[in-house]
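*Asks:* Based on the hints, put chain B in the right spot on chain A.
There are 2 protein chains.
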Amino acid sequence: MKDPIEFWYEFGSTYSYLSVMRVEAVAEAAGAEVIWRPFLLGPIFADQGWNDSPFNLYPAKGRYMWQDLERLCEDYKLEFKRPSVFPRNGLRAARVGCVASNEGWCEEFTRAVFTANFAQDRDIADVQVLAQILSNLNRDPAPIIESSNSSANKERLRRQTEEAKRRGIFGAPSFTVGDELFWGNDRLGTAIAWSLGLR
Amino acid sequence: MKDPIEFWYEFGSTYSYLSVMRVEAVAEAAGAEVIWRPFLLGPIFADQGWNDSPFNLYPAKGRYMWQDLERLCEDYKLEFKRPSVFPRNGLRAARVGCVASNEGWCEEFTRAVFTANFAQDRDIADVQVLAQILSNLNRDPAPIIESSNSSANKERLRRQTEEAKRRGIFGAPSFTVGDELFWGNDRLGTAIAWSLGLR
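Residue numbers (the working numbering), protein chains in the order written: chain A, 1 to 199; chain B, 200 to 398.
Be a bit skeptical, because a hint or two may be false.
Claimed, not checked - Here are the in silico distance ranges between beta carbons for each label pair:
1) B:A224 x A:R22: 25 to 31 Å
2) B:R365 x A:W50: 23 to 29 Å
3) A:G31 x B:E361: 49 to 55 Å
4) B:D320 x A:G49: 27 to 33 Å
5) B:E302 x A:P4: 52 to 58 Å
6) B:D246 x A:E74: 27 to 33 Å
7) A:S84 x B:K364: 39 to 45 Å
8) B:N288 x A:A152: 50 to 56 Å
9) B:S349 x A:Y76: 46 to 52 Å
10) A:Y76 x B:V225: 19 to 25 Å
11) B:D246 x A:Q48: 17 to 23 Å
To be verified - Here are the simulated BS3-like pairs of lysine-lysine, each with C-alpha atoms no more than 30 Å apart in a straight line:
12) A:K2 x A:K165
13) B:K201 x A:K77
14) B:K364 x B:K353
15) B:K260 x A:K61
16) B:K260 x A:K154
17) B:K353 x B:K276
18) A:K61 x A:K77
19) B:K201 x A:K154
20) B:K364 x A:K61
21) B:K353 x A:K61
22) B:K276 x A:K2
23) A:K2 x A:K81
24) B:K260 x B:K280
25) A:K2 x B:K260
26) A:K81 x B:K353
27) B:K364 x B:K201
28) A:K165 x A:K154
29) B:K276 x B:K260
30) B:K280 x A:K165
31) B:K260 x A:K165
32) A:K81 x A:K61
The hints are simulated quantities; they were obtained by calculation from the structure and are not laboratory data. Quick reminder that beta carbons are idealized off the backbone N, C-alpha and C, glycines included.
Bound conformation, chain A alone:
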């Protein structure tokens, strides 16, 4: 019996980049099913008393993260260019991600946004950048962006973030398989094993 992996990520999150770019190939090779769940870390960090990324609030942790991330990108043969602004606000991208999720093209959109943020140093908080990404995916930006700003869609993202909190998620990326929570890109393999019933 197989349970799907729910993949929780935040568009501004560095370690989410690693999983976003890897998860499809890894899951496909293993025969696991993945459900993509964009959410916002901001409200979850705010609950912990943080008004910024912990990588900025705790400089030693931040310096390490960039070093670790560069090493991992090399290992995974992933392009990487350190963003000139960190973290970039992922709210608009996450709203478009909810529309995309509803319409079945969340994965390709997500990968394009993460590539823009972490390989091209483009400002994914800027609606023009998102519009260009949508155009490159052969999608008409205007109606998508309009629908991403509808109150129903905003509510969808709020609910997804609430659901993340309810599941005990405190960082990104995270994976859930049923009630089991796995935090961090390092746990993708374990989440897959769990989803295949190998544990």
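*Replies:* Only chain B this time, still in chain A's reference frame:
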């Protein structure tokens, strides 16, 4: 050319338990050299504004840690009994660890203390418990404990903790290979590869 791995751990730290119990076998199999470096997380956490373990300060992170730790202990076939007090104060154990390090029996002492804390729920902050551990290792506790409280030895531990800070260490376990820092039990394999020049 091989560089040794310096293995930085704190006696109260849960994830340090995993590495303490694994590092010798893993390094031996790979032909890597390990230098054991006990230090104190307390002063480093205090610099970050924390007066307790982040696993207590941030409850969602803490709940996850215990779940993750239990899964990992199962994977590694390591005995585990959740300590009734967390974190236990590792100051006395770290001072004895410095004596042990100086005299060449740091590894066996360290494993015995971590086993007491994380498999037997014994209070490693208690000097009687440490004395019993030393007796079990066929060492006369009294002179060792006295020498652990000498000002030269206290200073040795302070310097080791300062050195950890200087290397950018912000949590435990950590591994360093030259100037390269690796944080967390998850990075033991990477640190070994680095130390063997495989990167």
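*Asks:* Return the numbers of the hints above that this structure violates; sort them in rising order.
*Replies:* 7, 17, 19, 23 and 26
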